[in-house]
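Peer 1: Both chains are sitting in their own frames, so use the hints and assemble them into the complex.
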Amino acid sequence: MEATFLLTLLITFLASFIGYELISKIPQTLHTPLMSGSNAISGITLIAAILIYPEVRESQILQIIVLIAISFATLNIVGGFSVTGRILEMFKKND
Amino acid sequence: MIEIILLISAVLFIFALKLFGRPSTAHRANLFAMLAMALAVFSAFNFDFSKYDSAFYITIVISGLLGVLISKRVQMTQMPELVGLFNGFGGGASGAIAYVELSNSSLPFNDYFVAIFSMVIGMFTFSGSLVAVMKLRGKLNNFSSKFANIFSVFLPVIIFIPAVLEMDNFVIEFIILVALITGIIRVAVIGGADMPVVIAFLNSLSGIAAMSAGFIVNSIILIVAGALVGASGIILTLLMCAAMNRTLLDVLKGGFGNTTINNEYEKDPISTSPEDVAIQLSYAESVVIVPGYGMAVAQAQAAVKELTNTLKDKNIEVKFAIHPVAGRMPGHMNVLLAEVDIDYEDMFTLEDINSDFSSTDVVLVLGANDVVNPLARTDEDSPIYGMPILDVDLARQVIVIKRSMSPGYAGIANPLFINDNAKMLFTDAKEGLENIIKSFELV
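Top line first, the protein sequences correspond to chains A and B.
Numbers 1 to 95, taken from my numbering, label the letters of the first sequence in order.
Numbers 1 to 443, taken from my numbering, label the letters of the second sequence in order.
The following block holds chain B by itself, in its conformation from the complex (with noise of 0.2 angstroms):
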């Protein structure tokens, strides 16, 4: 009995991910989910509720009233922070259960390799969210990349410590200590922009470690669903890391950035107000807007969505061009995009949009920077060469909203906003979109 429920549950599980592949199934994929994560722990009982003392029942039941009552309050622009923070907890409950297996029991000699990896893998990604939500709110600078590579370095020796002291009976202990550290210093060292890959690796290792959680405690169901996540989490972690044209290894290296090069313009750009803005856009036909973490930052979705409504009322074709890396987790902006009711059929990749930017009459940039830096395209010694970026700059006409000339994450300067075709309007994404949609109604 027990066997065919837990059949179904990861089947189910299996189903749920192919419908997480379309934007019209996906609201069922999370129904499906819920199901066969629901026949899967009520599998673990065994039918025999009475071995679980009272302690155990309300731990469960106090932890998911408080988990409904954290995700419904949380903002749409919190997503990043609230996401890490799950997932570390996935992750340090995995490696809690390895570390209680390893005290506990006697284990045979494979699974006591694979308890020290889960729990490894576990306490790892439970520190590394940790620190990824405090960095996401901004709550923590970048660490310096050079420690943490030292750190690195003496790794290997690090660990014979306990054997030196004699201190065999806490050999564990020191093993978890020495995984948590590693992911604060780990993750300390990775900017903001490079949060996307961060989250999703995170992602990847929680799925990892329940996995290997599955092949300590026998079971099926756990190993099952923990490969699904781990592979899922790769492939997310792979895509950004393509986006960006750099290696996971790079990215986890951290530091990028830091290095300042050549940050100055040769000219002043040109700066416009809100009133030209509107009339520019009042005689375009087509209208992309690229939206990036500024417009997080600014809370300027709602904003974005009046103006597309303005324009849309005047027969303007409104198209949005999103980076994969844009904002600080994969997806980002479809989601703030999605929140204020922007259809996402208007929403494009960056592979769908490119060759449409020669035939744009305007582009708004919104809060991004260095995914439209042409010098990806053209300078060979530019730290962000290579990267696939928005070729917004073959548009008629640019419009950078943003509140200074201060350089991006890859700490380079911007040739776009130089550009001819290219004006500035310094201020913030909200408050320069509302000045816009207020010009509007005088035109």
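Next comes chain A alone, as it looks inside the complex (with noise of 0.2 angstroms):
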């Protein structure tokens, strides 16, 4: 997917947009999933690790660093899915 720089400001724009759209209305008894949710969609960042890896071969020091990154990112999208899956099950149970 490759745009222009305006179309993708255009995009982010949109984006902040929907989320604080969509965000503002949520109660408070589900800041604590919403927060858990979106800091594991945070760590989407791991497809940019994925995206520099192959570019990375000669240097071996940069190779590590980037598998440091997908380690982290990796950590933060399993565990924080998994932790919200947790917290929204005891909201579930007395639905």
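Source of the hints: derived by calculation from the structure; they are not laboratory data.
Virtual Cβ for every residue (Gly too), placed ideally from N, Cα, C.
Treat the hints loosely; a few may be bogus.
Unchecked claim - Stretches of chain A that chain B covers, calculated by requiring three or more beta carbons in the stretch to come under 8 angstroms of a beta carbon on chain B:
1) 21-33
2) 40-50
3) 67-74
4) 78-91
Unchecked claim - Computed list of lysine-lysine pairs in DSS-like fashion (alpha-carbon distance at most 27 angstroms, straight line):
5) B:K312 to B:K423
6) B:K72 to B:K305
7) B:K423 to B:K267
8) B:K423 to B:K438
9) B:K438 to B:K305
10) B:K438 to B:K312
11) B:K319 to B:K305
12) A:K25 to B:K18
13) B:K72 to A:K92
14) B:K319 to A:K92
15) B:K305 to B:K423
16) B:K314 to B:K423
17) B:K319 to B:K423
18) B:K319 to B:K438
19) B:K253 to B:K139
20) A:K92 to B:K18
21) B:K305 to A:K92
22) B:K438 to B:K314
23) B:K319 to A:K25
24) A:K92 to A:K25
25) A:K92 to B:K312
Peer 2: In structure tokens form, the structure reads like this:
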């Protein structure tokens, strides 16, 4: 997915706007799961690590740094979703 | 093909955020977000899995397993630490990627600045989150805000050090160091009760770091998801600040409550016993429980549930009044109460319950202090003046379960404790509740 810089900026703005609009109505009860869920989503930076990993073959140090980034991001994603699931399970059972 | 997968992923992320808005749909939101994430990550491989060596796959598998293990093991009361920790990992990952891009490829001029930005935000989030985790675990005391502010003033000078020392090759590493130190110092000066703001703010920053990483590697899905997280984090941050009537800058400046003002009391509070509380509760028709950080520290949720059941069996109405910044992260009290199966329909926000207090028979304050301090309404010189509080002092009877008369986070006396309609039960929240429940059996 490639786009011109301006178009990308427009998408950024729209995404922020949608995020802001959707979340402003969220009840206080769900603040923690929302935070931990969006926290897990921020681990999406894993994609960047996957994209650049093949490019850093020549340098072992950079390769290790990318692997650290991959480890951190994976922990963030998997751990984050798993813990959000646990929290939401508690809200589900008294439905 | 990849484009279509990415489009579906972006739409799923947006729907997930929408579903997060209601308790009945929130668990589906998590599944949507997981699916969106899986699609996005899958598409990053571009159907070419052979480009990656075993070190890559092993790292992913081990980290994933570790993530599951940590999240299953942790207790609900440790949730703020865990969210902070994962947050730091996300920020650190973005920061590390930006660093690799800066040192590896010849970035175009635009991207160069975006990469610096992503690296600084990511590293700041990383070190700041780790400090926040240590603070939440009580391993770190408040740092002098004076030193931190001096550091901030000299920051513009500090960043020219490499130029002066002619270490041109290490400019980027130096920037990382400064970002890490700034993160440590900034969060170190902020006190425990401001943690809901800090956690939400760092959450937002980790989204912004991911978003800017998306600009460097040209990934629209990364930009969209990062922006969604950044925006939702900002909302929570601003909500938390509004709930304390303070600005984000004021919170980040730190040092709140360090100046001890007047915390002497004109008279002694009326102290009570578990038996008296039980009698008073059994004659009440309506009871409102106000949980605070003290409930989390004492792990008193199960006792709260038991007392609630006892009261409900006697046809006494029980409600929970939850201040937005009660606890150490947004929604902290709600999660702890949900853990013991208390219905979220019984949990009320400040706006929804404040008009009810004047017709409430008994209010039970459980380890909360500043959020029920009436000085916020009356004393213009008080540091908490103007902060929205729960008006528990308007109830017929207030019972405060608290270990001592020590001031709360704001460092000020709470005249509620010596109010004519207030009684103090000096004990830890869990023990106090258990004794009240025991006394009920005798009543």
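Peer 1: If a hint holds in the structure, say so; if it does not, say that too.
Peer 2: Structure-based check of each hint:
no.	hint	in the structure
1	21-33	holds (count 12)
2	40-50	holds (count 11)
3	67-74	holds (count 8)
4	78-91	holds (count 14)
5	B:K312 to B:K423	23 angstroms, holds
6	B:K72 to B:K305	23 angstroms, holds
7	B:K423 to B:K267	13 angstroms, holds
8	B:K423 to B:K438	19 angstroms, holds
9	B:K438 to B:K305	14 angstroms, holds
10	B:K438 to B:K312	16 angstroms, holds
11	B:K319 to B:K305	12 angstroms, holds
12	A:K25 to B:K18	9 angstroms, holds
13	B:K72 to A:K92	18 angstroms, holds
14	B:K319 to A:K92	20 angstroms, holds
15	B:K305 to B:K423	22 angstroms, holds
16	B:K314 to B:K423	23 angstroms, holds
17	B:K319 to B:K423	20 angstroms, holds
18	B:K319 to B:K438	21 angstroms, holds
19	B:K253 to B:K139	21 angstroms, holds
20	A:K92 to B:K18	17 angstroms, holds
21	B:K305 to A:K92	17 angstroms, holds
22	B:K438 to B:K314	15 angstroms, holds
23	B:K319 to A:K25	22 angstroms, holds
24	A:K92 to A:K25	20 angstroms, holds
25	A:K92 to B:K312	22 angstroms, holds
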